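Everything in the sequence shown is counted per numbering that gives the first Met the number 0, starting at 0 for the first residue and increasing by one.
No lab work stands behind these hints, which were simulated from the structure alone.
Since the model is a prediction, treat every value here as computed from it, not as a measurement.
Among these hints, one or two may not hold up.
Below are the DSS-like pairs computed for lysine-lysine, each with C-alpha atoms no more than 30 angstroms apart in a straight line [claimed, not checked]:
no. : residue 1 : residue 2
1   : K278      : K170
2   : K238      : K278
3   : K56       : K160
Derived Cβ-Cβ restraints for the label pairs, each shown as a range [to be verified]:
no. : residue 1 : residue 2 : range
4   : E313      : N168      : 34 to 42 angstroms
5   : D183      : N377      : 19 to 27 angstroms
6   : Y248      : A347      : 23 to 31 angstroms
7   : L112      : I166      : 38 to 46 angstroms
8   : P250      : F357      : 47 to 55 angstroms
9   : D115      : S240      : 43 to 51 angstroms
10  : V378      : S324      : 20 to 28 angstroms
11  : F122      : S239      : 26 to 34 angstroms
12  : F357      : D183      : 38 to 46 angstroms
13  : D183      : V276      : 22 to 30 angstroms
14  : L226      : S101      : 55 to 63 angstroms
15  : P250      : V71       : 53 to 61 angstroms
16  : I185      : L319      : 22 to 30 angstroms
All C-beta atoms in this analysis are idealised placements derived from N, C-alpha and C, irrespective of residue type, glycine included.
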Amino acid sequence: MINSKLLFSFAVVLLTPFLIDNSFAQINSGGFGKSPFERDFSDVKFLDAYFGTLNQKIEVEPGDSNVPFTVVFANVGTQDITGIRGQLSLPYGFSGSDGPGSIILADSDSNSLAGDNFHLTFFVNINTNTNIQQYPASVKVDYSRLREAGVRTAFSDFSFKVTGDSIINVKAMEPFLTSLKTNDVIIEISNAGTAPLSSVEIVATNTQTEMASTTSSTTNIEKVVILESNWDVGNIEPKSSRELTATVYVPENLRGTTLRIPLSISYYNAHGDSQTVDKIVDFYIKGLIDLRVYGIGVIDLANTQMVIGEIINEGNEDALFSFVSLEPLGDSNIRPQIQFIDEIEIDAPVPFNIPLEFDGEPKYGEHEIKITVRYKDNVRDEIFLPYETSIMIEEPSNDNENEDNTLWIAIPIAIAIGIVVFVLRKRKKEEIENS
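Between the sequences and the hints, there should be enough to build the whole structure, so can you do that?
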């Protein structure tokens with residue numbers, strides 16, 4: 000009985016360590032075992048991997064060659080390390096800058112102190128058929144501890160991304176502004192690349208609001224008035240564009256010059272890094288042609304009825320190659336006519352007169368007509384100015400018919416008088432001869 004109790008107690012004591020070991024998530028040292036959290040501690044710890052150099056990440060796209068690929072590590076050991084050398088293993092579609100099949104190697108330029116970071120920069124080619132996405136990779140790092148013989152090796156598995164490349168372009172949808180007036184400007188911001196732009200904000204720099212804090216200007220934009228100077232555009236996807244609008248007033252003295260508006264564009268690239276680029280959008284400033292038609296009427300000139308009027312240019316630039324056309328409206332049967340009047344200078348009224356002709360029998364009374372002035376500005380754009388009005392066409396008077404009737408009456412009378420005079424003179428001559 001006593002022996003049975005002693006044997007049972009002894010068995011419990013022997014089995015307790017095994018029961019406790021199976022009840023807790025312990026990790027045995029020495030390599031990857033049963034636990035997924037198990038690892039060997041070393042002096043080198045992987046931190047980050049990306050295309051670019053240590054201080055500058057870059058966007059890349061399929062087809063790029065000899066691009067830098069940087070892997071950042073931390074020396075988490077208690078000793079300085081030296082002789083750092085790395086070998087990169089990338090998936091299919093990537094190769095070393097020396098060509099397919101070559102080993103991708105990189106050396107560190109200096110030692111790494113305990114607790115500091117260090118990096119290795121490799122140079123790789125990206126195949127044109129590679130997709131823009133995330134990829135797995137591995138890196139092997141060989142190094143030596145100071146005051147220690149031999150080479151240690153660390154391996155790290157990580158992922159990296161082919162980001163695509165963003166390309167920002169700006170252009171004016173209408174590249175011409177007109178002086179002496181307010182212009183509604185539309186500027187297109189486009190992304191011609193393969194990577195998206197996020198949180199795009201645009202600022203027009205060197206404006207009048209900034210001149211108080213700047214001593215010089217890179218453009219002549221400070222001479223104009225821009226009502227808006229900041230725009231929150233949002234995201235711009237690859238191969239797409241967004242538009243921003245502005246209201247710009249241009250003074251008269253900038254006529255014939257180029258207005259350059261500098262834009263500061265800030266955004267987040269595919270790495271999530273804040274970027275700022277400067278672009279300039281150009282506009283050519285035209286003069287103002289401001290025509291007004293007035294004084295439309297009908298007169299008789301040399302027994303011909305004429306539609307007359309005047310055109311005045313109240314702008315600051317001459318209108319070139321000008322024509323005036325007359326067209327009927329409604330049930331008017333006036334025949335369309337065109338007259339060339341050449342230049343319309345500023346502040347100098349230009350008269351015009353167009354003979355009236357009819358399709359069919361003339362219709363007298365009120366006629367609805369349209370006068371159109373067609374001209375070109377100094378960039379040879381053709382512009383049409385229509386003006387609709389009404390005219391009164393009077394029936395011609397019968398003065399010529401009365402003159403003809405009087406003439407037909409006067410001729411017989413003159414003939415009769417001539418006959419009477421002839422008869423009287425003949426009788427008088429006969430009387431003289433008989434006496």
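**Asked** If you check each hint against the structure, which ones fail?
**Response** Of the numbered hints given earlier, the structure breaks none, since each of them holds.
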